[in-house]
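Once you've looked at the hints, dock chain B with the ligand against the given chain A.
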Amino acid sequence: MPKAHVYKRDHVNTDEIIPARYLNTDNEAELATHCMEDLDVDFVKKTQAGDIIVAGEDFGCGSSREHAVWAIRGAKVQTVIAKTFARIFYRNSIDCGFYLIELPDVFEKIKDGDELEIDYKKGLIKNLTSGNDISFNPLPNFALEIIADGGLLNHISKK
Amino acid sequence: MAMTITEKILARAAGKDKVRAGDLIDANIDIVMCHDVTTPPAISMLKEKGIDKVFDPEKIVVTPDHFQPAKDIKSAELHKRLDTWAKEKKIKHYYKLGRAGVCHALLPEQGHIRPGEVIVGGDSHTCTYGAFGAFSTGIGSTDLAAAIATGQLWFKVPESIKFVLNGKLGKGVYSKDVILAVIARISTDGAIYKAMEFVGETLADMSMEARMTITNMAIEAGGKNGIIGFDDVTKAYLDEHLTDKKDYTVFESDADAEYESVEEFDCSKIEPMVALPHLPSGGVAIGECQGMEMDQAYIGSCTNGRIEDLRIAANIIKGKEVAIRTLIIPATPVIWKQAKDEGLFDIFYDAGCVISAPTCGACLGGFMGILAAGEKCVSTTNRNFVGRMGSPKSEVYLASPATAAASAVEGKLTDCRKYI
Ligand code: SF4
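Residue numbers (this note's numbering), protein chains in the order written: chain A, 1 to 159; chain B, 1001 to 1420.
Just chain A, with the same shape it has in the complex (with noise of 0.2 angstroms):
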């Protein structure tokens, strides 16, 4: 069952998710391997297929290196649960097709450790670890148009 991840950290940044030493390649599954390296050097170790990240408000915040999603989705992270995002992150992913999550109280609701299944169509996470069910905002629909598509090279070829 997929794991959460909790950083009880606002501003978690580019800088700690892919640090810029690694800037130096763009293949996925090498920067995968140093997925938020400088926040959490376990993070490669203890994530699973699947696994999510929780963290606090300003998620991904700082440089515009699309790398930072390249690394979280190469390390198969599922998605991303913030209070927020940073706007850059945030358009970066939704262009990757990575669909990240927003929730304002994700403190009290997730603890952890806790097991999640996630419902992205109908906007629900079932936290089996505390049997509460979590409603979250579905993103808005010119990202889901990108996502369904795959990205948004894909979109635009479409268009």
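Everything labelled a hint here was simulated from the structure, so no lab data went into it.
None of the values given here were measured: they were computed from a predicted structure.
Wrong hints could be hidden among the right ones.
To be verified - Under 7 angstroms between C-beta atoms, here's a sample of chain B residues computed to sit facing chain A:
id : residue
1  : V1037
2  : G1140
3  : K1224
We put the beta carbon where it would ideally sit given N, CA and C, even for glycine.
Relative to chain A, chain B with the ligand alone:
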């Protein structure tokens, strides 16, 4: 309908009479800025999708800067991909080593930035160009690929926050101190998704270089763009630097335009500031942190690596010896030559500083000036996140070139006013 300058520029770019905050638009892009970290992946994506087109080889500006000159084999490969593509696509404004410089210092200097235009770049500090009354914002590689291929991008028209900067700056206080004070007040997400419009008499006295330091850091408050209206100072700079296409349209905010909020600053009360680790919003007056020992000083970057910054630093360092490792990185070859011709290199050399070729280098923890665990660096750059300049256990203190220079001389955070 009354509009802000940001709304007017975006309306023009979308081919509409008016837009308002919240509208989704498809905007035509006037200039796309490309560098060595985010553009090679964009090129690969386009190849992979079989999209061979470049919307306009005259409107794309390419300058490798982050790892230039190539710091290792992998970055050399990035540069090679960029080089092959730029040549193949006949990119008109491709700055190679020797002409390349830190992107946000290079583009205005080389006359690529015009008021009223929409500029995007694969770099978060692309917001710098807003100092010229342009709409300018940073994007990631996928957006960059889309912009390169189509010359268009979708935008949500941002709400604007007006920052009114009043009062004359005191001795030893610079635009860097002003923007650090602004971010300290509103926090690193205080302007998230918003346009930060700067107005007021304090700006009137500032050079374009000084204004660019302010808009450069809009992203550090989460802003989508930073913007400053056009005036005589803007015009004089453009007259000197625009070579290619000298026409442009000037927009200004209507007096009754709508703002999400208005923040007023009495800049005469601002003191030299230092942003303590690990957020750019950690700004405090120098009095609260002076005496803290440093291991390195870094004077350079797109925030403060321009000629004016080097002159300010040289004035303080002149005739003294620096107490710590001090790196001087002119942001572009033109600035480098100017500094040399003005004799600034002699001053820096005599004081024991090292002077490098134009590069982003250590600003992003890339190379040349990386910090070891436990080390502290006073830096004229714009970010002090964990690990920004090296070890995750090192620390970066953001300050003006004057504060960095005075601190280099004493080896500890120092009030620059005693040297001015
Ligand atoms: S100088 Fe630093 S902040 Fe500016 S573009 Fe280069 S890496 Fe980014």
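Cross-check of the supplied hints:
With a cut of 7 angstroms, the hint placing V1037 (chain B) at the interface with chain A holds, because the nearest CB-to-CB distance is about 5 angstroms. A least Cβ separation of about 4 angstroms between G1140 (chain B) and chain A falls short of the 7 angstroms threshold, and the interface hint therefore holds. About 6 angstroms separates the beta-carbon of K1224 (chain B) from the nearest beta-carbon of chain A, less than 7 angstroms, and the hint is met.
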